[in-house]
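Kindly produce the complete structure, drawing on both the sequences and the hints.
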Amino acid sequence: MATVRLASDERPETVLEFRVLGSWREKIRGLLGTSPDASPVMLTRCASIHTFGMAYPIDVAFVGELGEVLEVRRGLCPRAFASHAAACCVMERPSREGPWLEEGEHLWIVSISADALAA
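For the sequence shown, the working numbering gives the first residue as 5, with consecutive numbering after it.
Hints listed in this document are in silico derivations from the structure and should not be mistaken for laboratory results.
Positions of the beta carbon are idealized from the N, C-alpha and C atoms, including for glycine.
Keep in mind that a hint or two might mislead.
Each computed SDA-like pair below joins lysine to any residue, with the alpha-carbon atoms no more than 25 angstroms apart [what the hints assert, rightly or not]: (1) LYS31 <-> ASP41; (2) LYS31 <-> VAL76; (3) LYS31 <-> ARG77; (4) LYS31 <-> VAL8; (5) LYS31 <-> SER12; (6) LYS31 <-> GLU106; (7) LYS31 <-> GLY57; (8) LYS31 <-> PHE56; (9) LYS31 <-> PRO44; (10) LYS31 <-> TYR60; (11) LYS31 <-> GLU69; (12) LYS31 <-> ALA90; (13) LYS31 <-> ARG83; (14) LYS31 <-> ARG97; (15) LYS31 <-> SER115; (16) LYS31 <-> LEU74; (17) LYS31 <-> PRO82; (18) LYS31 <-> PRO103; (19) LYS31 <-> ALA6; (20) LYS31 <-> PRO61; (21) LYS31 <-> ALA86; (22) LYS31 <-> GLU21.
Ranges of calculated distance between the beta carbons of each label pair, as one might list FRET restraints [stated by the list, open to error]: (23) GLU17 <-> PHE56: 33 to 41 angstroms; (24) GLY108 <-> VAL19: 15 to 23 angstroms; (25) ARG83 <-> GLU17: 34 to 42 angstroms.
Following this line, the structure appears as structure tokens:
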């Protein structure tokens, strides 16, 4: 499994881990078929997502090419579509209470698995 660990300028003490989804098939599936305790995912080269077929709401963050969080949607319900024209990747997780990415936050890579480099 390819993973990336990210931190932000605004919260450097917090490291977030995401499973990297880079292929078309992986991105179309996203969190579909997972449970509400699934790990967060990062959809690379992606500017739009859907929640058709999802059994639970998700939290979404659209991220620009320089690591800036452009837009955050919390609790996006099943059967919805969301996009941001300037996004280069999208972060998703099952919707839950607690901290999540925030608009204006600047992300940077702490580490990336070797598997993710081949994607």
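To see whether the hints hold, each was checked on the structure:
no.	hint	result
1	LYS31 <-> ASP41	holds (19 angstroms)
2	LYS31 <-> VAL76	holds (18 angstroms)
3	LYS31 <-> ARG77	holds (18 angstroms)
4	LYS31 <-> VAL8	holds (16 angstroms)
5	LYS31 <-> SER12	holds (24 angstroms)
6	LYS31 <-> GLU106	holds (22 angstroms)
7	LYS31 <-> GLY57	holds (14 angstroms)
8	LYS31 <-> PHE56	holds (13 angstroms)
9	LYS31 <-> PRO44	holds (13 angstroms)
10	LYS31 <-> TYR60	holds (18 angstroms)
11	LYS31 <-> GLU69	holds (18 angstroms)
12	LYS31 <-> ALA90	holds (18 angstroms)
13	LYS31 <-> ARG83	holds (16 angstroms)
14	LYS31 <-> ARG97	holds (13 angstroms)
15	LYS31 <-> SER115	holds (21 angstroms)
16	LYS31 <-> LEU74	holds (19 angstroms)
17	LYS31 <-> PRO82	holds (16 angstroms)
18	LYS31 <-> PRO103	holds (24 angstroms)
19	LYS31 <-> ALA6	holds (14 angstroms)
20	LYS31 <-> PRO61	holds (17 angstroms)
21	LYS31 <-> ALA86	holds (14 angstroms)
22	LYS31 <-> GLU21	holds (17 angstroms)
23	GLU17 <-> PHE56: 33 to 41 angstroms	holds (37 angstroms)
24	GLY108 <-> VAL19: 15 to 23 angstroms	holds (19 angstroms)
25	ARG83 <-> GLU17: 34 to 42 angstroms	holds (37 angstroms)
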